[in-house]
Each structure stands twice: as C-alpha cells, then as structure tokens.
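**Student:** These are the residues of each chain, in order.
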Amino acid sequence: MNWVNAVIQGMLLGGQYALIACGLSLAFGVMRIVNLAHGDLAVCGAYLGLVLSSVLGVPVWVTLPLLLPAAFVAGAALQVLLFGRALRHGVLAPVLVTFGLSVMIENLLQVAATSDPRGLNGGALTLASFHITAGITVSWLFLTAFLTACAVLSCLQVLLSRTSWGRKVRATADDLDTARLVGIRVRPVFATVAGIAVATAALAGVFIGTIGTFDPQAGTNTLIFAFEAVVIGGIGSLWGTLVGGVALGVTQVVVGEVNQAYAVLAVHLLFLAVLTIRPGGLFTSHQAAAEVRARGVPG
Amino acid sequence: MSEDGRPPGAPLLEIAGLDVFYGDFQALFGVSMSVPRGGATALVGANGAGKTTLLRTIAGAQPPACGFVRYDGADITAAPPHRRIARGIAVVPEGRRLFPSLTVQENIQVGAVAAASGAWPLERIYDAFPMIARRRGQRAFTLSGGEQQAVAIARALAAGPSLLLLDEISLGLAPLVVEDLYGTLAGLRSAGATLVIVEQDLRRAMDACDHLVCLLEGRVALAAPVADVSRDQVIAAYFGEGRP
Amino acid sequence: MRRPAVFRAAEPLATVAVSRWSRTASAFTAVCVVVVAALAVVPYVIGGPAEQPLITLFTFIAMASLWNLLAGFSGLTSFGQNAFIGIGAYALYVVALHGVNPFAGIILAAIAAAVVSLPVSALVLRLSGGYFAVATLVVAAVFQIIATLSPSVGGTTGVSVPGLAGYADVLREALTYWATLAVAVASVAGVYLLVRRTFGLDARAVGSDPVAAASSGVRVGRIRLLAYVAAAGGTGAVGALIALQTLYVEPTSVFSIQYSVYMLFMVLVGGMATIEGPVVGALVLFLLQETLSAYGAWYLVIVGGLAVAATLVASRGIWGFVGERLGWSLLPVGYRVRGPAPGAPDPPATSRADPNKS
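Keeping their order, the protein sequence lines are chains A, B and C.
Our numbering puts the first residue of the first sequence at 14, with every later residue one more than the last.
Our numbering puts the first residue of the second sequence at 23, with every later residue one more than the last.
Our numbering puts the first residue of the third sequence at 14, with every later residue one more than the last.
No lab work stands behind these hints, which were simulated from the structure alone.
Keep in mind the model is a prediction, meaning the values are calculated, not measured.
By construction, the Cβ of each residue, glycine as well, lies at the ideal position given by its N, Cα and C atoms.
Errors might be hidden in some of the hints.
Some chain B residues close to chain A (C-beta under 8 Å, calculated; not the full set) [stated by the list, open to error]:
#1 Gly-60
#2 Phe-121
#3 Gly-133
Computed footprint of chain C on chain A, listed as stretches where at least three residues anywhere in the stretch have a Cβ under 8 Å from a Cβ of chain C [as the list claims (entries may be wrong)]:
#4 109–115
#5 233–240
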C-alpha cells in the first residue's frame, strides 16, 4: 500500500483528464457551448488513430501529423455547419444538437467498429517504465501523457495571451456583441477554436486508447470526466483544468487502492461536493465567476 | 477631406427611410439623416428614442428592415461591421464596453483588426491620450471611468476611421473629465474626422457640433444646423410638444 | 410650459376578449375521453397481441410528456431522467419485496423518485443550460454505480420483480396494460392541468429568461423545483411500469441513457412546449421503432439525426408546424386575444387631440 506511488500515478492520470478537458473549457469559454459530443469526438480520434496506424503499420504516434490536422478540420466544419447554426436557434439548441450528435457518433461507431473493446498500438512507449525509488514506478506513457497535457496547455496559454488571434479570441469570449462591433470576424474565431477543441480531444483520445481500451460507448464517460475536471478546476481557467484533472486522477487512484469498485463513484462524489461548496471551481477567472453567479438561479 | 474629386459638400454618410425592428418591436420609423464630411452631428433625444439603435444600425450591428445606408457614395446597408470598419466607420459603444480580460493596450490593438488605415498607430494614440499611456499594461476594468472612456475612444481610433460614432461618452463622468474628452474630440475634428455624437447634455451637444438631429420615439423630430435652431426649439422637439 | 394631461372618463373597453379555451378544444377533449375509454376495453375486446405494442406506446407518451414539462416548458434540459426510471424500477422491487401489491407499488415508486429528486435538485438546479445537462448525466451515472455496488438489490446481475407469480399471465398483462394507460393519461393530463395554471406561464418565463422572470416576481427557484420534482415522480412511475413489463430489474438496462435519447427525440420532433407535441413525437418514435429496430445501431443514428435536424430546421416540431398551419390548438395552454366581441358597441370617434392616445 504505497500512498506516494498512488498519488503520483493519480497526478499523471490527471494529465490525461486535463488534456480531454481543455478543449471543452476553451469551447465553452469562447462560444458558450457545452459540447456534449466532446467525449465521443475523443473516441473518434482513437478510432481514427486505430485505422491509420493499422493501415500504415506504424505506432499511433507516427499518425499524429495526419490525425491532428484532420481533427482540427473536422472541428471547424462541425462548428460552421452545426454548432454555429444551433446558436442561432436559442440557448437550448446547442445542448440538444450536441447530445443528438453524440448519439449519432456513438451508434455510427457501433455500426462501423462493433462494440468490441479496442486498444491502440503505442509501440515501445507502452511497455517502458522507470523506477524513481523502490516503491514508485512511472510508466513512460503516463509521463508522456502528462507532459503532453502541460505542453498543450502552455501552447494554448501563449497563443491566447501573445498573439493577435488570441486577443480576438479573448475579446470574443468577453463580449461577443462588442467584438463584432469593433470588427472582429466572429465566425473564423469560432471555427478555429472549435478546431483546436476537437484536435486536443482527438489527441487525448489517442492517449486514452493507448493506455487503456476504448469502445463506441466510451464517449459519455469521457465527457463526464472532462466536464468534472473543468468544473472542479474552474470555468474559464485553462490551468485550472490541470488542477481539476489532477484532483480527479488522484481521487480515482487513491480510492482505487482501497477498493477498485468505488474509484469512479468517489470521483463523481468529489465533483458533486465541489459543486455544492464552490460551484465556481477552485480557479475561476474574475469574469467567469461573475458569470457563474449570473447563470445560477436567482431567488 | 475626400480626394476623389467629389464636391466637398457631398455627405459622408447618408441614411434614408430606415425601419429597424427588435423582433416585433419597431424602434425606428423611416429615419433619414445626412452627415456632412468633416462635420460634427449631434444626435439627441430622450431615453428609448432610438439613438443607440440608429448608431448600431450605422455600425452594422442591427440590420434594417428597409431603407439604406450610404457611406462615401457606396451602399453599405447589407455590409457586416468588419467591412464598414474597413471603409472607415468606427463606433465607441454606449457604456464603453471594454473587454475586461484584455489590457488597455490589447483593447486598443483589437480595435485595429479591421483597420481602414494606419492613420492612428499606437504611438499617435498614446500621444493623444497620455493618461492611458501610463496604464497600457493594466487590465482595462481597473481604470477610472474617464480613463476607460478614453480607452474606448482610442480603440475606435485604432481602426483609422474617417467617421467616428460616439454613444453617450459623458455618461457617469465628472464634468472636468468630459471637458477633456470633448477637447480631444475637437482635436479629432481638426484632423479631418467626421463625428456623430449621441449626447444627453444638450448644451455640450450644441457647443461641440454644427449639426443636430433630434429623435423622438423612433422618428426624426428635428434636423437642422445648430446655428439655425434655438435651445427651446430643440427641447420642444425632444419632448414632443406641439405634435398634432 | 407643457399642456397638462387631460383624463377622460373611462370608455367601455368592450373591444377585445381573452380566451383560454375554444370549441375545438372542447370537441377534442370529448374525443380524448372516448379514445381513452376505447383503449381501456382493448384487453377485453382484442387481448394480448394489441396490448404489447400499446404498452410501449403509452410508456413513450408518458416519458415524453414528463420530459416536455422539464425541458419544453421550464427550460431544464435534463439528460439524466433515466436516473429516475432506474430509481422507480428499484423502488418497485423494494416495495414488492415487502409484500405490497406491485401495481399499487407504482404510486409508492413515484413518491420514492420524487423524494430522491429533492436533494438531487439542490445540487443540479444551481446550474442551467449545458452545465445542468452534464450534471444530470453525472447524477444518473452515480445512481447506476450505487445500484451496481448494492448486493441487496442484486448488484450487477439484477433482480426479478417479486409478487407477480400469483397472477395468471393474461391477467398480469391486462393489469400492466391498464396501469400503463393510467400513467400515460395521468402524465399528459397532469402536465396539461399544471401548465394551464399560473405555473405554466411562470415556467415558460423561467425557461426563456430566468433573470427577466425573477425581476417580474416569478419565484424562479420554486418553479424549477416543482417542475423537476414533478417530472422525477412521474418518471419514477414510468420506471416502475418498465419493471413490471420486463419483470427484471438490472442496472445497465433500467439506467440506460437510451431513455433520455428517446425523450429528447419525442419532444423535439413532436413539438416542445405544447401538450399535443410529445404525444405526436411518441407516435413517431413508436413507428420508427417498429420499422427500424431490426437495423440495430442504425436505428439510433437515425433517431439522433432526426432530433438534430428537428432542432435546426423545424424547431417547433411536427405539432408546432401543423398546429400553426391549421390554426388548431387542441389542448390550449396559452391566451388568445380575440377582436371585438360580437355585439360590442363601436368605439367612440376620437374628438379632440388627446395626449393620452398615441
């Protein structure tokens, strides 16, 4: 019973959750859409990785230069064709549309790939691990996932704070109406953000598929975990999703050491607890906190 | 001043027969207006008269149900905001509407994304507004009301506009601060900009502008050069007295 | 100096009438009563083969009406109502285990689901829109896990519903049929009556714009709570019915998210925020299921796709479209303003300029 090892494994697992969560957080922050198909899009990424790596006969990492741009384009297309139109039909429409999309994706995957659990070919990386001390073993794969998450979050942070595109995105997220008024073209902003969200989801899906198995129905649980990470870490905060992810991961692994059957339940209960005590999350931005208050139920 | 040989008297902005609806509610009824090049037009009227709606329609945020908007001779009625900005129209919205998570400098930079010209680079803007130059790295919402209004104007200037639309810039500000802002506007006028100013303070409006349009319940109640009307006449139009 | 306002003596306002009912509605209600009576005698007249499909249809109608109360009228897009189907099913098992007649147990299951929904609502009703939707998914997942981890209700394997062995098959099926019919009628009628009261207007205000509703004095929290608990209770009853129909209660099937998919489809395609819409949607889903269920997962792809299409293209649903075209409102929930009532005196000609008239 090595608590330190459990915590470390949990932290690394948290990196994966952060990776799947950051796209959801970005999409919500900028477009105010909770994409209920986000988890399923991650699973699509895993399946695409499976197809590409089988066809090309290489470990899935080699397919990434093909996979990620494809996911980006798919995300932008979904935004332009579907989500953007949904936004024009009222506040509830995107919720309904993304849920319907989720159903379609899961069942299309079912038709195409059957419900057999699959795994991705991660090459040598899957098997390698190293020891820190006698009791602590770290798998390179887990570590890579965590470092990738940190790298992605850093890149996004830099893009948002130092580029002209980033300024446009932040302005649009702050005030859509005024952003249009000062001449920002909102549709390309939304399309690129959606593209990034789906690309990060696909990347996360590839890691999830390499570390564990996946099947067409895995999307819903992936969405739930991503959402929980966002809420715990704080709406509107990118690095908050890392904190949220780590909180989930540590809870899951530590409780799992005691009793595996209760691990997932414990994660959900942690989420519900944070929702009760601090609905704004631990690292809410000033703006987002005000919004959560406004979004809450008056009276 | 326009260099394309058009007679100097031709209006820069021309609006005719604008009807604007918010859903079923009609906000503007057949509004027509003409803004001369290089002039300053005051747009006055009670709350709810339609001044902000009119400004937003000119800026492209509100599509009219009928009527047209012509800028520099070209029909821009269907053009989206970014195209209008590229042609030279910029708006300072009511309530300033700065972007809270952007710094002062970033707010100004964002105003230039669809810039019509490079006439107002950052250095020139900071020269014109020294008080905000000092705070360029701060988040916009940490500034005082007057400074925020200056940033909002600066943001619009960053687009290098020929026509500047200003919506209630004196709201909530101390008189001395408003004095300063209007001083800056006078400077812009002498640099060749055309202004349309929505203003609650009638005295200021008539002092700063040479043309006046008064809206009442979505219709033009009075449109005349400032020199040709008395304050009382404007007030009468403002409140709708003397209507049949 | 401004002219002082002149007030005239009030003129008789006999020029408009506001109605909440119509002859069409009366006729339709009469038709409904006849239809329900006819359906009630089906077990005697036709028996077994007609009962099964009708049971499915009635279950759909009940689920759809209740989800419409939540999402269509109150703006609460919950995709976790399957939680209450499961809770209702397990509640029925528990009461049947304690010797209560399973058919009477339906009411207890509904009450149990409503009671459980109270603490849940304290958590999820803080949120709205997409966040609310995902939170309901989490809640449903939690309940499913709890059921899986509880050996007293069979854990992963599940349990069969006791107390039904004493009934002959024919009688059991007929009783299930009548129970399902009763729950369906109660759901539609219950939602209808609820929405015709002030609650209906309040709920729709909350659904459109909670902040505006609150500033108009609507007790937003109360309305949402009432909608949530009522829908939970009704859905619990549906869950109990499902347990009675399948005779077996097992976590993955009673907590299946497919129920939520069906609810979404029926209300979107049939027509949100109308009483007739969910019934129409239930019919459509029923027909789709009869024709397409052989195609396995494609069936659900089509269901999802139609729901998406309905939101984007026909956001008022089939009933919204038809009802508007034909001018029908068979079960009206709104207020109609009619022109001058017949026999009202002509409005007096305006004499002088009156500053009070625009």
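**Student:** Hints first: check each against the structure and report whether it holds.
**Tutor:** Each hint, compared with the structure:
1. Gly-60: violated (23 Å)
2. Phe-121: Cβ of B:Phe-121 sits 4 Å from chain A, so the hint holds.
3. Gly-133: Given a least distance of 5 Å, the restraint on B:Gly-133 holds.
4. 109–115: Holds: 7 residues of the region 109–115 of chain A have a Cβ under 8 Å from chain C.
5. 233–240: holds (count 5)
Checked against the numbered hints above, the structure violates only hint 1.
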